[in-house]
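Peer 1: Residue-level listing of the chains:
Number of protein chains: 4
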Amino acid sequence: MTRQRNSPLEDGVHCTTVRVRFGDTDPYGIVYFVSYFRYCHRAIEEYLRACGLRPEETFKNVQEGFGLPIVEAWCRFRRPSKYGELLRMETQIQEMRAKAIIFRFEFYPETGRELLAEGTANLVAIGPDWRGRPLPERLKIALTGIE
Amino acid sequence: MTRQRNSPLEDGVHCTTVRVRFGDTDPYGIVYFVSYFRYCHRAIEEYLRACGLRPEETFKNVQEGFGLPIVEAWCRFRRPSKYGELLRMETQIQEMRAKAIIFRFEFYPETGRELLAEGTANLVAIGPDWRGRPLPERLKIALTGIE
Amino acid sequence: MTRQRNSPLEDGVHCTTVRVRFGDTDPYGIVYFVSYFRYCHRAIEEYLRACGLRPEETFKNVQEGFGLPIVEAWCRFRRPSKYGELLRMETQIQEMRAKAIIFRFEFYPETGRELLAEGTANLVAIGPDWRGRPLPERLKIALTGIE
Amino acid sequence: MTRQRNSPLEDGVHCTTVRVRFGDTDPYGIVYFVSYFRYCHRAIEEYLRACGLRPEETFKNVQEGFGLPIVEAWCRFRRPSKYGELLRMETQIQEMRAKAIIFRFEFYPETGRELLAEGTANLVAIGPDWRGRPLPERLKIALTGIE
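Residue numbers (the working numbering), protein chains in the order written: chain A, 1 to 147; chain B, 1 to 147; chain C, 1 to 147; chain D, 1 to 147.
A portion of the hints provided could be inaccurate.
Unchecked claim - Straight-line alpha carbon distances no greater than 27 Å define the calculated BS3-like cross-link-like pairs of lysine-lysine that follow:
hint, chain 1, residue 1, chain 2, residue 2
1, C, K140, C, K82
2, A, K60, B, K140
3, D, K82, A, K60
4, C, K82, B, K82
5, B, K99, C, K82
6, B, K99, B, K140
7, D, K99, D, K60
8, A, K140, A, K99
9, B, K60, D, K82
10, B, K140, B, K60
11, D, K82, D, K140
12, D, K82, C, K82
13, D, K60, A, K82
14, B, K82, D, K140
Stated by the list, open to error - Not everything, but these chain C residues come out facing chain A in the computed CB check (under 7 Å):
hint, residue
15, T17
16, R21
17, G23
18, R38
19, R42
20, E46
21, A50
22, C51
23, P80
24, Y83
Bear in mind the hints are in silico, worked out from the structure with no lab data behind them.
Glycine included, every Cβ here is placed at the ideal spot set by N, Cα and C.
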C-alpha cells in the first residue's frame, strides 16, 4: 500500500490576499503588529476552507469532542505596510505532529517577492477536558491528502 | 408602600476612564470611530459592575434563561481624540422599559467639560428562543435601586 | 446643458461580502455589534474604490487640503450572525449635501433577502483647520457621476 | 564615576492588570490569541509611563528623529482565560542592546502564580530613513535608571 499525496493545494501552499483596513494600522498609518496575527488566523481559516474543512467545525467541534487552540504564535516584521495596501499571504503547514500542527505564514506585496513579514502558529488538538489528544484522522487526511 | 431609590450610583451617572491605545486610532492618529463603540460596551460593563452585576452573567445567562443583546447603537463624534489621551466616560440609563434598557454615553477629556462624543446603546431582554421577554426583576432592581 | 448620471454603480448600490472572522464575535459566537461598524467602514472603502477613488487619499488628503471624518454612525441589529457566515453588504449614498455625505448600509445573508442589520454613517468635509468646507468637486463627481 | 541603578521599577518588573473585554474573546468565550498581543502592547505603554516616558513620543518621535517599531513578537498560551477575568501582567526588559529592546511579558490570574501566557516583543530604534540607529540616550536612561 503506497501513501499517496492528494493535497488540494499546489505544493501545499495556499495563497490569499488581505487588504490593510482603516482600523488595522497604528497611529502613524503603518500596519499595527497585532493586525498581522489577525491576518494569520484568517490565513488559517482560508487554508482550512481550501482543504474542504469548515473553520467553525474545526477550531472547536463539540460533536467530535475536540478543540484546536493556538498555543504559540510568532511573527517577524521586516518591512512596513501601509493603510490601503493589498498583501499576499502564503500559508503552508510547516510541521504536522501526532497532536499538533504548525502553520507558517509569509506576507508579500500583492505583486512582488519582497518578504514583508513571516510567522508561525502552533495548534494542538485537545479533548473536552482540555488535555492533549491525537489530531482527528479526518483532519489529517483533509490537510495532507495522505490516507 | 413607597418606592425607594437606592441606586448605587450618585445621580445614576457612572464615571470611568479609558486610555486611547495604539490600536484604537485611524492611520492619522485620531480615534477610529469604531473604537468609541468598543468603549461604550466597556462603559456598560463597568456600569453593571458598579451595580453589583457581573457582565459575564448579564449579557447572557443560561441558568436564568435570558440574554441581553445590543439591538441598536448610535454615536456622534464632536471633536477628535488622539493616541495616548485619557477619556472620561459618563454613563447613565437614559430609559428603562419593560423589555429594554437604553444606555447613554458621554465622552469628555480626563479633566474638562468639553463634550468629545456621545452615544446610546439599546439592549433588549430575550429568552432562549431569541424572542423578547420582560427584563429579569433582579436586573431592574440592581440597575435602578427601586424595588 | 443637461446633467447626466454616470454612476459607476448600478442603481447607485454597491454590493460586497464580508466573512465573519474568529475575532469578530462576542463570547457566545454571535457577531459583536462593534464589528458591524468595522464592516460599515470597509463597505465605504469598497464603495469609494468602485467609484475610482482611493480610500487612502479620500479620508484624508493633505495635498488637496481636506479630510472626511465620520461624525455620526448608527446601526440597528435585527438578527444575529455567527462565526463563519458570509454576509452581503449593500451600500448606497442616502444623502449628499454640500458639505456632507450620508452612507446607508444593509446586511443580508450571502444569499437571501432577510435584513440582518442596517446602518448609516455621516461623513463631513473639513479643511486642515478641522472646520467644515464644501465637498471637493472631484469627489462629488466621482461618487454621483453627475457633472 | 560609578554607574548607578535607579530604575523607577522595583526589581525592574512592572505590574499592571487588564480586564478581558467582550470583544477580546473567540466565539467560545476564551481569550482570542490575538488579544494577548494587544495586551502586550498595552503593557509596554504602561511600562514606559512608569519610567516617565510618554508612549506617544516614544514609539515615534519626529522632533528627535527616531522611531521604535516592534520587529518581532512571540507568545505562548498555556491556559485559557475567559471573558470577564482580570489578568495581571508582569513586564520587564529581558535584554537591552545598542539598537534594540526586548520586552518580556507574563500573564497571571489577578491573584495567583499560575502562568497563563508569556511572550516577548523586540523593538528596534530606527531613524527617519527606517534604518537602524542606536537607542536614544534619553530612553536608555529612563528605562534602566543607569546613567
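Peer 1: What's the verdict on K82 (chain D) and K60 (chain A), does the C-alpha distance respect the 27 Å limit or exceed it?
Peer 2: Given pair K82 (chain D), K60 (chain A) holds - Cα atoms ~16 Å apart, limit 27 Å.
Peer 1: Are K99 (chain B) and K82 (chain C) close enough, with their CA atoms no more than 27 Å apart?
Peer 2: holds (24 Å)
Peer 1: With a cut-off of 7 Å on the beta carbons, see whether A50 (chain C) makes it to chain A.
Peer 2: violated (14 Å)
Peer 1: Keeping to a limit of 27 Å between CA atoms, is the pair of K99 (chain B) and K140 (chain B) held or broken?
Peer 2: holds (10 Å)
Peer 1: Does R42 (chain C) meet its interface restraint, that is, does its C-beta lie within less than 7 Å of any C-beta in chain A?
Peer 2: holds (6 Å)
Peer 1: Compare the distance between the alpha carbons of K60 (chain B) and K82 (chain D) with 27 Å, and conclude whether the hinted pair is satisfied.
Peer 2: holds (14 Å)
Peer 1: Is it true that the CA of K99 (chain D) sits at most 27 Å from the CA of K60 (chain D)?
Peer 2: Satisfied, since the Cα-Cα distance of roughly 15 Å is no more than 27 Å.
Peer 1: Double-check Y83 (chain C) for me: the hint is only fine if its C-beta lies closer than 7 Å to a C-beta in chain A.
Peer 2: At about 5 Å, which falls below the 7 Å cut-off, the nearest Cβ of chain A leaves the hint on Y83 (chain C) intact, so it holds.
Peer 1: Check whether the Cα positions of K82 (chain B) and K140 (chain D) lie no farther apart than 27 Å.
Peer 2: holds (26 Å)
Peer 1: Holds or violated: the hint that T17 (chain C) contacts chain A, with Cβ atoms closer than 7 Å.
Peer 2: violated (13 Å)
Peer 1: Given R21 (chain C) was flagged as interface, is its beta-carbon under 7 Å from a beta-carbon of chain A?
Peer 2: holds (6 Å)
Peer 1: Against chain A, with CB atoms and a cut of 7 Å, does the hint on C51 (chain C) hold up?
Peer 2: Given a least distance of 15 Å, the restraint on C51 (chain C) is violated.
Against the hints set out earlier in the document, violations occur for numbers 1, 2, 4, 11, 15, 20, 21, 22, 23.
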